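Chemist: So the chains spell out like this:
Protein chains: 4
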Amino acid sequence: MEKVSIQPYYRKAYYYETDQMGIVHHSNFIRWLEEARIESMSQWTCSYKKMEEEGILIPVLEVQCSYKSMVTFGEPLAIWVYPLSFNGIKLSFSYEIKNKETEEKKAEASTVHCFFNKDKKLLNLKKENPKLYEQFLYFFS
Amino acid sequence: MEKVSIQPYYRKAYYYETDQMGIVHHSNFIRWLEEARIESMSQWTCSYKKMEEEGILIPVLEVQCSYKSMVTFGEPLAIWVYPLSFNGIKLSFSYEIKNKETEEKKAEASTVHCFFNKDKKLLNLKKENPKLYEQFLYFFS
Amino acid sequence: MEKVSIQPYYRKAYYYETDQMGIVHHSNFIRWLEEARIESMSQWTCSYKKMEEEGILIPVLEVQCSYKSMVTFGEPLAIWVYPLSFNGIKLSFSYEIKNKETEEKKAEASTVHCFFNKDKKLLNLKKENPKLYEQFLYFFS
Amino acid sequence: MEKVSIQPYYRKAYYYETDQMGIVHHSNFIRWLEEARIESMSQWTCSYKKMEEEGILIPVLEVQCSYKSMVTFGEPLAIWVYPLSFNGIKLSFSYEIKNKETEEKKAEASTVHCFFNKDKKLLNLKKENPKLYEQFLYFFS
Numbered sequence: 001m002e003k004v005s006i007q008p009y010y011r012k013a014y015y016y017e018t019d020q021m022g023i024v025h026h027s028n029f030i031r032w033l034e035e036a037r038i039e040s041m042s043q044w045t046c047s048y049k050k051m052e053e054e055g056i057l058i059p060v061l062e063v064q065c066s067y068k069s070m071v072t073f074g075e076p077l078a079i080w081v082y083p084l085s086f087n088g089i090k091l092s093f094s095y096e097i098k099n100k101e102t103e104e105k106k107a108e109a110s111t112v113h114c115f116f117n118k119d120k121k122l123l124n125l126k127k128e129n130p131k132l133y134e135q136f137l138y139f140f141s
Numbered sequence: 001m002e003k004v005s006i007q008p009y010y011r012k013a014y015y016y017e018t019d020q021m022g023i024v025h026h027s028n029f030i031r032w033l034e035e036a037r038i039e040s041m042s043q044w045t046c047s048y049k050k051m052e053e054e055g056i057l058i059p060v061l062e063v064q065c066s067y068k069s070m071v072t073f074g075e076p077l078a079i080w081v082y083p084l085s086f087n088g089i090k091l092s093f094s095y096e097i098k099n100k101e102t103e104e105k106k107a108e109a110s111t112v113h114c115f116f117n118k119d120k121k122l123l124n125l126k127k128e129n130p131k132l133y134e135q136f137l138y139f140f141s
Numbered sequence: 001m002e003k004v005s006i007q008p009y010y011r012k013a014y015y016y017e018t019d020q021m022g023i024v025h026h027s028n029f030i031r032w033l034e035e036a037r038i039e040s041m042s043q044w045t046c047s048y049k050k051m052e053e054e055g056i057l058i059p060v061l062e063v064q065c066s067y068k069s070m071v072t073f074g075e076p077l078a079i080w081v082y083p084l085s086f087n088g089i090k091l092s093f094s095y096e097i098k099n100k101e102t103e104e105k106k107a108e109a110s111t112v113h114c115f116f117n118k119d120k121k122l123l124n125l126k127k128e129n130p131k132l133y134e135q136f137l138y139f140f141s
Numbered sequence: 001m002e003k004v005s006i007q008p009y010y011r012k013a014y015y016y017e018t019d020q021m022g023i024v025h026h027s028n029f030i031r032w033l034e035e036a037r038i039e040s041m042s043q044w045t046c047s048y049k050k051m052e053e054e055g056i057l058i059p060v061l062e063v064q065c066s067y068k069s070m071v072t073f074g075e076p077l078a079i080w081v082y083p084l085s086f087n088g089i090k091l092s093f094s095y096e097i098k099n100k101e102t103e104e105k106k107a108e109a110s111t112v113h114c115f116f117n118k119d120k121k122l123l124n125l126k127k128e129n130p131k132l133y134e135q136f137l138y139f140f141s
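Chains as they are written, first to last, in this note's numbering: chain A, 1 to 141; chain B, 1 to 141; chain C, 1 to 141; chain D, 1 to 141.
In case anyone wonders, no lab produced these hints; they're calculated from the structure. Source: prediction; values computed, not measured. Honestly, I wouldn't trust all of these hints.
Which copy is meant is left open, because identical chains are indistinguishable; a pair holds if it fits in one copy or across any two.
What the hints assert, rightly or not - Cut-off 25 Å, straight-line C-alpha distance, at most; resulting in silico cross-link-like pairs (DSS-like, lysine-lysine): (1) K68 x K131; (2) K50 x K118; (3) K120 x K98; (4) K100 x K127; (5) K127 x K90.
Construct the entire structure; sequences and hints are all you get.
Modeler: Encoded structure:
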């Protein structure tokens, strides 16, 4: 079984994401991390949408972002999501945001998450969904 | 029984609501309408949050906004919400957004809504919740 | 000279665009219109970014949107932008938002705009930039 | 000369800030930090708007946020901003977000900033604006 290779997530910076400083507002980077994470997780394990429909939510416990250079309207971006750690209770990712063409580094980031059931209570993935646990374990190892 | 008087909803324009044109992005006006509408409805009838908890959702069917002058970061705003029509199935509002201090007109808007139950199916308020129907009727008449 | 054919703008609905009703918040449709309009205008005339760098801003004077059916997280969307009117002072567009795959209609919308110079004063495109005026005229005719 | 006492910044969670998990989306906390920081800085030194008009921008270099408990639609929030460090080149803040009434901790956060001039180049506040430098120094000491 071959390891899935990591593909960046591509998107452009939208006009409404800029602020009066003339560059993208820093809060939008946090939203881009989510876009890229959801896309990556859907490729690695199963559709994020399907996970939620089966009652597995993956809220954010921590987010950290270092802004390296400004992003302007229309800039093409490549966002890399790397699996960092997973133990069935918590999982974490690191990220790099780059200009897709120049490869200039825009930001480095990380997030920590847990699993929730539909009632927003902590969920032990190993107990509650062993199959999905194995999928995550495989990818994070 | 005395008619409830209409009070404006106050808020400032936030930094992250501006765009690189140096003024508030037009999409945020649509969000302000919601803030003002929810606050006003909560005063007129009952808490919007409580309505949702009882299974009554009020989605937007139509929105229209005419931008009259630019809003800049930090500007104090007064948003007036006026009940326009209500028949137990649909309801509509009109709005005025002004600078709170100068009273300069910033925008005029209107929205049309219906009622949904928790399954996001159309709800006839008169049948499903006569008490709330009467409260709405009173305010819109 | 052949008329440019109109191509839809594609994008998915993001997780952070949903609200607690479980569907995409209506204000985001207004932002999608802008994404699609900027992309379309860039194809028809010249890059929107370049226009701004040359001192031509295109603010929104009016926006109207009729919501036809709900959009859920992850839904693939096709947004059609149609040139409606243009006279060198004002321009307007109409829009259709559909599910890219099922072609289910999600919304119909329209926007009205004017031209501003860098000082956010009204700009007569015919006088100030005849070449760009011709490009717009061609596309809107 | 008496030290300015730190006052929290108050605001409610808006409907459009929730996501389909039924709670406020984590990215909005980052925006709340900015609201509170701008309000606090305006009280401590001078109006943030005026600083920008004088050509002093304060971009974000780093942001970190730990989410302690969920925030729901309509929740009243108190956001505390604490000055952490300042050397004329960089400045940093820490934050606490609490339910205004129950005082339940919602999040802890920190941000790091620098100063930019209008051309978005690094600015040494001590050299470029000694008076403002003194004001910041006073408050951060």
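Chemist: With reference to the structure, classify each hint as holding or not holding.
Modeler: Structure-based check of all given hints:
no., hint, verdict
1, K68 x K131, "neither (39 Å within a copy, 29 Å between copies)"
2, K50 x K118, "both (13 Å within a copy, 21 Å between copies)"
3, K120 x K98, "between (34 Å within a copy, 20 Å between copies)"
4, K100 x K127, "neither (40 Å within a copy, 37 Å between copies)"
5, K127 x K90, "within (14 Å within a copy, 47 Å between copies)"
In the structure shown, a violation is registered for the earlier hints numbered 1, 4, in ascending order.
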